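As a plain string of letters, each chain reads:
There are 4 protein chains.
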Amino acid sequence: MAKSSFEYVKKFELDDTLLPNTWIVVRLDGKCFHKFADDHNFKKPNDLRALKLMNYAAFSVMRDFSDLLMGFGQSDEYSFVFKKDCNLYKRRAAKLLTTITSKFSTSYTYYWNKFLGDQQLLYPPSFDGRIVLYPNEDTLIDYMKWRQADVHINNLYNTTFWTLVQEGKLSPTQASFNCYVITLNKGHSFNFYILFQAEKRLCGTVSADKNEILFKEFNINYNNELEIFKRGTLLFRKNINIDESNKCSTVIVDVHDDMLKDSFWKDHKDLFTIKS
Amino acid sequence: MAKSSFEYVKKFELDDTLLPNTWIVVRLDGKCFHKFADDHNFKKPNDLRALKLMNYAAFSVMRDFSDLLMGFGQSDEYSFVFKKDCNLYKRRAAKLLTTITSKFSTSYTYYWNKFLGDQQLLYPPSFDGRIVLYPNEDTLIDYMKWRQADVHINNLYNTTFWTLVQEGKLSPTQASFNCYVITLNKGHSFNFYILFQAEKRLCGTVSADKNEILFKEFNINYNNELEIFKRGTLLFRKNINIDESNKCSTVIVDVHDDMLKDSFWKDHKDLFTIKS
Amino acid sequence: MAKSSFEYVKKFELDDTLLPNTWIVVRLDGKCFHKFADDHNFKKPNDLRALKLMNYAAFSVMRDFSDLLMGFGQSDEYSFVFKKDCNLYKRRAAKLLTTITSKFSTSYTYYWNKFLGDQQLLYPPSFDGRIVLYPNEDTLIDYMKWRQADVHINNLYNTTFWTLVQEGKLSPTQASFNCYVITLNKGHSFNFYILFQAEKRLCGTVSADKNEILFKEFNINYNNELEIFKRGTLLFRKNINIDESNKCSTVIVDVHDDMLKDSFWKDHKDLFTIKS
Amino acid sequence: MAKSSFEYVKKFELDDTLLPNTWIVVRLDGKCFHKFADDHNFKKPNDLRALKLMNYAAFSVMRDFSDLLMGFGQSDEYSFVFKKDCNLYKRRAAKLLTTITSKFSTSYTYYWNKFLGDQQLLYPPSFDGRIVLYPNEDTLIDYMKWRQADVHINNLYNTTFWTLVQEGKLSPTQASFNCYVITLNKGHSFNFYILFQAEKRLCGTVSADKNEILFKEFNINYNNELEIFKRGTLLFRKNINIDESNKCSTVIVDVHDDMLKDSFWKDHKDLFTIKS
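Protein chains in written order, with the numbering used here: chain A, 4 to 279; chain B, 4 to 279; chain C, 4 to 279; chain D, 4 to 279.
For the record, the hints were derived by calculation from the structure and aren't laboratory data. Source: prediction; values computed, not measured. Treat the hints with caution; some may be incorrect.
[Unchecked claim] Cross-link-like lysine-lysine pairs, in silico, DSBU-like; alpha carbons within 35 Å at most:
{"hint": "1", "chain 1": "D", "residue 1": "K14", "chain 2": "C", "residue 2": "K269"}
{"hint": "2", "chain 1": "D", "residue 1": "K55", "chain 2": "B", "residue 2": "K13"}
{"hint": "3", "chain 1": "A", "residue 1": "K250", "chain 2": "B", "residue 2": "K13"}
{"hint": "4", "chain 1": "D", "residue 1": "K13", "chain 2": "B", "residue 2": "K98"}
{"hint": "5", "chain 1": "B", "residue 1": "K86", "chain 2": "D", "residue 2": "K13"}
{"hint": "6", "chain 1": "D", "residue 1": "K86", "chain 2": "A", "residue 2": "K264"}
{"hint": "7", "chain 1": "D", "residue 1": "K219", "chain 2": "C", "residue 2": "K14"}
{"hint": "8", "chain 1": "B", "residue 1": "K93", "chain 2": "A", "residue 2": "K55"}
{"hint": "9", "chain 1": "D", "residue 1": "K250", "chain 2": "C", "residue 2": "K13"}
{"hint": "10", "chain 1": "B", "residue 1": "K98", "chain 2": "A", "residue 2": "K272"}
{"hint": "11", "chain 1": "A", "residue 1": "K13", "chain 2": "D", "residue 2": "K269"}
{"hint": "12", "chain 1": "D", "residue 1": "K13", "chain 2": "B", "residue 2": "K272"}
{"hint": "13", "chain 1": "A", "residue 1": "K14", "chain 2": "B", "residue 2": "K213"}
{"hint": "14", "chain 1": "B", "residue 1": "K250", "chain 2": "A", "residue 2": "K13"}
{"hint": "15", "chain 1": "D", "residue 1": "K203", "chain 2": "D", "residue 2": "K86"}
{"hint": "16", "chain 1": "D", "residue 1": "K14", "chain 2": "A", "residue 2": "K13"}
{"hint": "17", "chain 1": "D", "residue 1": "K55", "chain 2": "A", "residue 2": "K93"}
{"hint": "18", "chain 1": "B", "residue 1": "K264", "chain 2": "C", "residue 2": "K46"}
{"hint": "19", "chain 1": "A", "residue 1": "K86", "chain 2": "D", "residue 2": "K269"}
Only chain A is shown next, with the shape it has when bound in the complex:
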């Protein structure tokens, strides 16, 4: 068989081993999830069912890869952190990146019905992924803070925006011209003029302004919003005593704590070292 004469093409596969002794972060993002969310009638600004599905897919990844220390998710993205001495697949980047991406993607698809109930999955979704190294705890913690700061910024904006739109506070006269109504999908119709006014209203505002709009105009206290909306979800392993016999077991837990506070990282020092 002419096998050997073609096998030289394997030499074109180049080594992509990652620098040892650094934290490997894989971050996934939903591809075209604005459209995907519309197509599947996700509630705005947050759909709790969809977030729970994201978390469950991430849990299913964490369970499979014991070298993963943490997962952090928000909206349509999820980050996974490998322990720094991880040697899975000899730290080959493509192998680590694609197995995480694939497992998360198929889990999201497979467990859809468990969380979205009546809402049928209309087509296979997809996620892109990237892989980034952080050389020390400080930069890794800042990475986690960066993603959580992002949740806050986006969620406060989205909550205020959709409240302005959905509560219809904008008077008829304000909407008297340029009023196009389109049907986004089954049963949802939005007034483009209102969308435009909401965007304009929020332009240049800071956090305090948005909190005030919510409170003064809609009697909504942003602090009372669900923690999962405001802070995203952190998954990590925890050793617990399972019974009186002092036996210990490792479970994966989810929390919605404030990771921007340095006290969080002091209280969770073992996040970086827990045996998996």
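Fit chains B, C and D to the known structure of chain A by using the hints.
Frame of chain A; chains B, C and D shown alone:
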């Protein structure tokens, strides 16, 4: 908001742009598909339903990525070839690799029922992926030949092996000791002694030997096996006239031709250049 | 000895093998050579002695590395082209890049006196280097054309600029204010106002304009300038008969031909394949 | 001018930015320095003049690159360590690697006469270089220890080996057959049989054995060898008071201390942070 103070961590994402003007190949492999195939009662040595599902998932990828010239699949692997001047995602490796991996993976999961019918999908499967560059047509063609040569080698071996095992030609006396029978899964049980004998029987044989075993002992002419089993599946785009009006349309077709022959590549010169 | 306990740090050296079957180009550039040229009284716009030293350093590199097909130099830069099936140092990028850079740099220093005569070398010069892959002859030829086009553009500009400055055609009245004279180095002094006027004069001109200035105002026919100034220097290997006995020997030759013409590459097809 | 039509080839230059916030180490090695040392009559096992030239070339590199924290040299190799927040050349690997390699190489050539006196430099030497990242102080310190442990291992071996050879303790009868004498270079001739016997004698010995051979047979106390031979040379910056006015100046100093002791690193914590 403290956004800016954390955003520096983005700098740790390094550029992974691929060399321009080279063929980009993404190859996916099923992860632990020996076990997956057993768990889902795939027929041995080939399960036509499972191969059709692979092809359909690949078709769904080809349809989404118009820069893909070809796909070639066999068993639990699939290769995708981007045109050499592809500029999708500015040729960033991780982006190309993960979107292909994710879309293929979710399509495989999503379309499972369409092909596997009564056989329930028991858990989310996963695929790993790698990305390789080929600088010229010669090396790319040799890549395609390498994969197809692999189909032939594996399939002839597997066909002979499983015929030896399933047709039970090995006499009871041969199996008189060390005879452990285990249930692999619902309804399937194999005699480990027979598996071992089949492996031993094929050790050191060449193609001609295996053809002869099949023909003389089991009256099976290997040439009559399905082309999809012997050669895998090549997907590519083809421009066809859809009606008498001379209008042209591009469709994705699948063939099971012999790519080891140079005449194939002469006849399909447009594979490398077809407009998508 | 505690050797083994530290040797793990070798694992941090990552593989940097270059894609096989592609042309490897190493390009060197003088670091701070504007200042270096001033410090060493290089003639402007071109110093023939300095160019010959560059060529000799390049020749000394070509002689040492038999996998090099070509060298092309101009001003303070030199490009070296490895044959596409080069397997020197297993195609490790850093190894190829640094040995070329180092040998060129030390040769430039070592042979200084051979070409610069009385002009003493005042301090060790340095060069930076980069490594680039070209996947096919077309892109490689375009690379060579790009560098030669650059010679032409720069040299026509510099020749006109320095003629304007050195021939002092700018009248005293034009130079009547803001006339600072500084001594650049031993014996060279320039009038900054004249430098400024020359630059202003050339702003927005095209090739034809510059040719005309040279010819009409200074009676200089640019075509008569030395080929080495207008086209740079190409080094390559050539098989020649050394005597009547039909014995063949490989020598390194330098030419100053027009590589922008496609006929050049037709006439020199063996540049890409010559046995070294 | 056809400039623009060729300039696309610049796109083939790929980004090689190094991971931020990691220690960048560049290590240079003399190419074929066994031969180079013989050609230039270096004293064995150590030539103090040659080591001083290496150190001076390294000093000349340190002076030019203020982002370098340390240099460590032994034999024909030198390592340079950039501070971890170095942003020189935007951390582009090839740029950092080649400018260091080039400057060191030309300095070695340029300052040859300053240290080697009557011994003429016969041809341009060359050095190869590699670039490695260390993510934290621990791995960087282990890198430094690794190189210094290497000095010790090599120097003890070489000292014993050349003492055995040069002191001619091997009796004439031992050398009675196979006695080839060759002239390595001007004035140096070695008996190959003696070289062979010396190698055989040291095979399998540990440090203690070599110390004993030196002491018992040749009355040499290895501890009394020069520190520069036993430990190599560490260059680093130090802030000193230059006069009574309390003004501070930064100088580059060389030491030959024991870096294998952890106390060294405790005493020199500022090596990683000193302002340059």
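35 Å limit on alpha-carbon distance, applied to hinted pair K86(A) and K269(D): Holds: K86(A) and K269(D) sit about 28 Å apart, inside 35 Å.
Restraint check for K86(B) with K13(D), where alpha carbons must lie at most 35 Å apart: holds, 20 Å
Pair hint outcome, K14(D) versus K269(C) [Cα-Cα no greater than 35 Å]: holds, 26 Å
K250(B) paired with K13(A) [C-alpha distance capped at 35 Å]: This hinted pair is violated, its Cα atoms lying about 42 Å apart.
Restraint check for K250(A) with K13(B), where alpha carbons must lie at most 35 Å apart: violated, 42 Å
Pair hint K14(D) and K13(A), alpha-carbon separation not exceeding 35 Å: holds, 26 Å
Pairwise hint evaluation, K13(C) against K250(D), where the allowed Cα distance is 35 Å at most: violated, 42 Å
Proposed proximity, K264(A) with K86(D) (alpha carbon, max 35 Å): holds, 29 Å
Pair hint K13(D) and K98(B), alpha-carbon separation not exceeding 35 Å: holds, 22 Å
Holds or violated: K219(D) to K14(C), with C-alpha atoms at most 35 Å apart: violated, 40 Å
Straight-line alpha-carbon gap K93(B) to K55(A), limit 35 Å: Given pair K93(B), K55(A) holds - Cα atoms ~33 Å apart, limit 35 Å.
Given hint K86(D) paired with K203(D) - CA-CA distance at most 35 Å: At roughly 44 Å apart (the allowed maximum being 35 Å), K86(D) and K203(D) break the hint.
In this structure, the hints that do not hold are numbers 2, 3, 7, 9, 11, 14, 15, 17 and 18, in rising order.
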